[in-house]
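**Q** Listed here are the chains, written in short residue letters.
There are 2 protein chains.
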Amino acid sequence: MTKNIKLGLFGFGVVGQGLYDVLNKAKGINADVYKICVKDRNKRRTIPDFHFTFDPDDIINNPEIDVVVEIINDADEAYKIVTASLKNGKHVVTANKKMLAEHLEELVQLQQQYNVSLLYEASSCGAIPIIRNLEEYYDNELLYSVSGIFNGTSNYILTKIFNENLTYDVALKQAQDLGFAETDPTSDVGGFDPKYKLVIIAAHAYGLFVNPKDVFNYGIQHLSKHDIRFAMEKGYRIKLVPTAVKLNHKKVTLFVMPQFVDKEHYLYDVDNENNGVVVEAAFADKQFFYGKGAGGHPTGSAVLSDISALTYNYRYEYKKFLQQDKLQYTTDIEIEIYIRYENESDLKSLKFLNISEKYFGKDFKYLIGTVVLSDLIKAKELLQNKNTFIVDTGKDLRLKGETVQKSVEEVAETL
Amino acid sequence: MTKNIKLGLFGFGVVGQGLYDVLNKAKGINADVYKICVKDRNKRRTIPDFHFTFDPDDIINNPEIDVVVEIINDADEAYKIVTASLKNGKHVVTANKKMLAEHLEELVQLQQQYNVSLLYEASSCGAIPIIRNLEEYYDNELLYSVSGIFNGTSNYILTKIFNENLTYDVALKQAQDLGFAETDPTSDVGGFDPKYKLVIIAAHAYGLFVNPKDVFNYGIQHLSKHDIRFAMEKGYRIKLVPTAVKLNHKKVTLFVMPQFVDKEHYLYDVDNENNGVVVEAAFADKQFFYGKGAGGHPTGSAVLSDISALTYNYRYEYKKFLQQDKLQYTTDIEIEIYIRYENESDLKSLKFLNISEKYFGKDFKYLIGTVVLSDLIKAKELLQNKNTFIVDTGKDLRLKGETVQKSVEEVAETL
Numbered sequence: 001m002t003k004n005i006k007l008g009l010f011g012f013g014v015v016g017q018g019l020y021d022v023l024n025k026a027k028g029i030n031a032d033v034y035k036i037c038v039k040d041r042n043k044r045r046t047i048p049d050f051h052f053t054f055d056p057d058d059i060i061n062n063p064e065i066d067v068v069v070e071i072i073n074d075a076d077e078a079y080k081i082v083t084a085s086l087k088n089g090k091h092v093v094t095a096n097k098k099m100l101a102e103h104l105e106e107l108v109q110l111q112q113q114y115n116v117s118l119l120y121e122a123s124s125c126g127a128i129p130i131i132r133n134l135e136e137y138y139d140n141e142l143l144y145s146v147s148g149i150f151n152g153t154s155n156y157i158l159t160k161i162f163n164e165n166l167t168y169d170v171a172l173k174q175a176q177d178l179g180f181a182e183t184d185p186t187s188d189v190g191g192f193d194p195k196y197k198l199v200i201i202a203a204h205a206y207g208l209f210v211n212p213k214d215v216f217n218y219g220i221q222h223l224s225k226h227d228i229r230f231a232m233e234k235g236y237r238i239k240l241v242p243t244a245v246k247l248n249h250k251k252v253t254l255f256v257m258p259q260f261v262d263k264e265h266y267l268y269d270v271d272n273e274n275n276g277v278v279v280e281a282a283f284a285d286k287q288f289f290y291g292k293g294a295g296g297h298p299t300g301s302a303v304l305s306d307i308s309a310l311t312y313n314y315r316y317e318y319k320k321f322l323q324q325d326k327l328q329y330t331t332d333i334e335i336e337i338y339i340r341y342e343n344e345s346d347l348k349s350l351k352f353l354n355i356s357e358k359y360f361g362k363d364f365k366y367l368i369g370t371v372v373l374s375d376l377i378k379a380k381e382l383l384q385n386k387n388t389f390i391v392d393t394g395k396d397l398r399l400k401g402e403t404v405q406k407s408v409e410e411v412a413e414t415l
Numbered sequence: 001m002t003k004n005i006k007l008g009l010f011g012f013g014v015v016g017q018g019l020y021d022v023l024n025k026a027k028g029i030n031a032d033v034y035k036i037c038v039k040d041r042n043k044r045r046t047i048p049d050f051h052f053t054f055d056p057d058d059i060i061n062n063p064e065i066d067v068v069v070e071i072i073n074d075a076d077e078a079y080k081i082v083t084a085s086l087k088n089g090k091h092v093v094t095a096n097k098k099m100l101a102e103h104l105e106e107l108v109q110l111q112q113q114y115n116v117s118l119l120y121e122a123s124s125c126g127a128i129p130i131i132r133n134l135e136e137y138y139d140n141e142l143l144y145s146v147s148g149i150f151n152g153t154s155n156y157i158l159t160k161i162f163n164e165n166l167t168y169d170v171a172l173k174q175a176q177d178l179g180f181a182e183t184d185p186t187s188d189v190g191g192f193d194p195k196y197k198l199v200i201i202a203a204h205a206y207g208l209f210v211n212p213k214d215v216f217n218y219g220i221q222h223l224s225k226h227d228i229r230f231a232m233e234k235g236y237r238i239k240l241v242p243t244a245v246k247l248n249h250k251k252v253t254l255f256v257m258p259q260f261v262d263k264e265h266y267l268y269d270v271d272n273e274n275n276g277v278v279v280e281a282a283f284a285d286k287q288f289f290y291g292k293g294a295g296g297h298p299t300g301s302a303v304l305s306d307i308s309a310l311t312y313n314y315r316y317e318y319k320k321f322l323q324q325d326k327l328q329y330t331t332d333i334e335i336e337i338y339i340r341y342e343n344e345s346d347l348k349s350l351k352f353l354n355i356s357e358k359y360f361g362k363d364f365k366y367l368i369g370t371v372v373l374s375d376l377i378k379a380k381e382l383l384q385n386k387n388t389f390i391v392d393t394g395k396d397l398r399l400k401g402e403t404v405q406k407s408v409e410e411v412a413e414t415l
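Note that the protein sequences, when read in sequence, are chains V and B.
For the first sequence, counting from 1, position 282 maps to 282 in the working numbering; every step adds exactly one.
For the second sequence, counting from 1, position 294 maps to 294 in the working numbering; every step adds exactly one.
Fair warning: there could be bad hints in the mix.
Repeated chains share a single entry, so a pair holds when one copy, or any two copies, can fit it.
Calculated cross-link-like contacts (lysine-lysine; reagent style BS3-like; alpha-carbon spacing at most 30 Å) [said to hold, decoys possible]: (1) Lys6 <-> Lys365; (2) Lys35 <-> Lys358; (3) Lys25 <-> Lys251; (4) Lys225 <-> Lys263; (5) Lys6 <-> Lys319; (6) Lys263 <-> Lys286; (7) Lys39 <-> Lys378; (8) Lys234 <-> Lys263; (9) Lys395 <-> Lys160.
Please keep in mind that the hints were generated in silico from the structure rather than gathered at the bench.
Nothing here was measured: the structure is a model prediction, and the numbers come from that model.
Just need the whole structure built from these sequences, with the hints factored in.
**A** Written as structure tokens, this is what we have:
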């Protein structure tokens, strides 16, 4: 029924070792690690030397190997490995979200051209099977939105801040000491990592390939004690939330921004390094998926699930991409934000459509108002100012100049 | 890439109409309703008469029809329709959990014998794609447990009790008035409906076909103000929880029982008619799925997802059932329960391995202790006594006579 698979592995870090553990424990899968390509010749490994090679060609050009599993960090290197492998007729499993987000359209073409399958469940939200579910289960659903917590590191920091009253700097330091955050944490706390995942998810949710460069991401680096106190007084927590929303039957928007979430929100209790995904669809209504977003074993488990799917010739169908009515990506949407600022003059670079709250204090000023996302993107100087912090208030989005749509049902009518 | 499908529909109640709505809205699916078989000749319908027939053979024996969708309530009638359709070479989508739970093994054989596909995502937990995920995503995972809230009606009643301080009788009456509960609510509040779902889920989680008659289900009918007060004082809510647990590499247990859940528990906040599923696996760790468990549109959406899957020839593989190391079903497990009782003599029919708490009051007596599930099943008179109520304390289960296993990691070692 299923075929036996010979695996060539690139990378033997946390995920690689996790996968190796999982493969050894799982009984039902016909797959063996044939060769592992690593970079560092001097590193001590936990398994015997004969498994390893230092030459990528030992895997890419090896006719014995059916499936290449790429789990290295370097996105450019990963791109080379993945494209060369696909072109050599090998199926590929990868977890590299940056590489995928930047090259997805080309990678889909390569799959068709060389009749091979590229799977990447582990790239987004670790053990949560979100891509497979979007691809398989929501394929004909009128999908309104996908959002959530896609980055464990920033969520760990925010949890420490909101549950244990740490400051941003102390929480970041703690995350770094524990190995949750890198020395340069920008990819995580700046919202780049969740943006790559959002771009991948949007491809499967909406059949839309968006260049990550065109997607707004604003992180949590400027979060101050004033913002924290403001949120806490209102009973909110701040989460770093990537959002994909279909606004009507033609337009989809994507962005990553801190968001206020209240106690009733699914994401409120998603703590520490965990991930959560909220899917809103016209008929299935709201659904919530929760699980471990990172780590060797959860990610290894997602990689294994892809390997297992390859034993019965599974491939993503990209059905929505192939459908006729293509959706368009837009940043012409109205979004209500909270903005902390220092001087009135700082705000000049941003046009507010309306202002619902404004507060002046000795060392704290904020405003809540509606802006157009494309205007916000242009206000680079304001956003880079460390005395500024913006938060999505979580209010319903609307297309620039359109009337407010209130319920999922009403929105469904327009999808 | 996908073929066009002609559907024959049995039943046009809430789910049938929901499906019809969803089908009309969904653009990406090549499926048309060809004929709808209904019983009542006099009922007014929302769509034109020519769609309807009163003769099942108009669908079952119609060579034009590719797929039969069975969404009637009567399990025996459904069994006849489903088996006749499969034998006639038609693929079938059904939502009938009772019929499935009672005949699953035979239905798997029929699928193989007649080379057809039977899909039933809508049978368990409405819009939550739990069967597909267990089948596809956890296929090689070391799955420790699956549990959750699988019945919207009983959960609605429990929510009214714990969130709005209603009594059981008032909450039940309200659910009946709103159409959430039947005039005879036994299937829901007695834990039969969630048991059927548990049996179906166990087939996909563990490759195990268990007769629902052999699975213990104890409902919420005897819940009294004393139990409610006890739970509230401890900060617990009571939920009706179906549980499937793998105890070691050979044994699996299943049962449905009320359970105390605290604030930290995933199921604590699953309110009203919503469903939630907690999956624990050795490598993916804990995962939680949340969504609408019932209703025309969510169920219709799950049925549609199955129809859509048939357009690309999807079928369940029952991989775990086909694997060599078959698991066995057992009720020889030790479980800690809370029991409210009236007279000491009532307890004589049940052997307690140990007792951790005992309380005597004028009109309230309870005991917390460990029993063997198979002994509990035998204590019929005690369980039928309306002055008795039992609740699973949620403590880790263990095989009769075995040592306690504490963490998922430790358990994983034995799986």
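**Q** Just pull the numbers of the violated hints for me, sorted ascending.
**A** 1, 2 and 7
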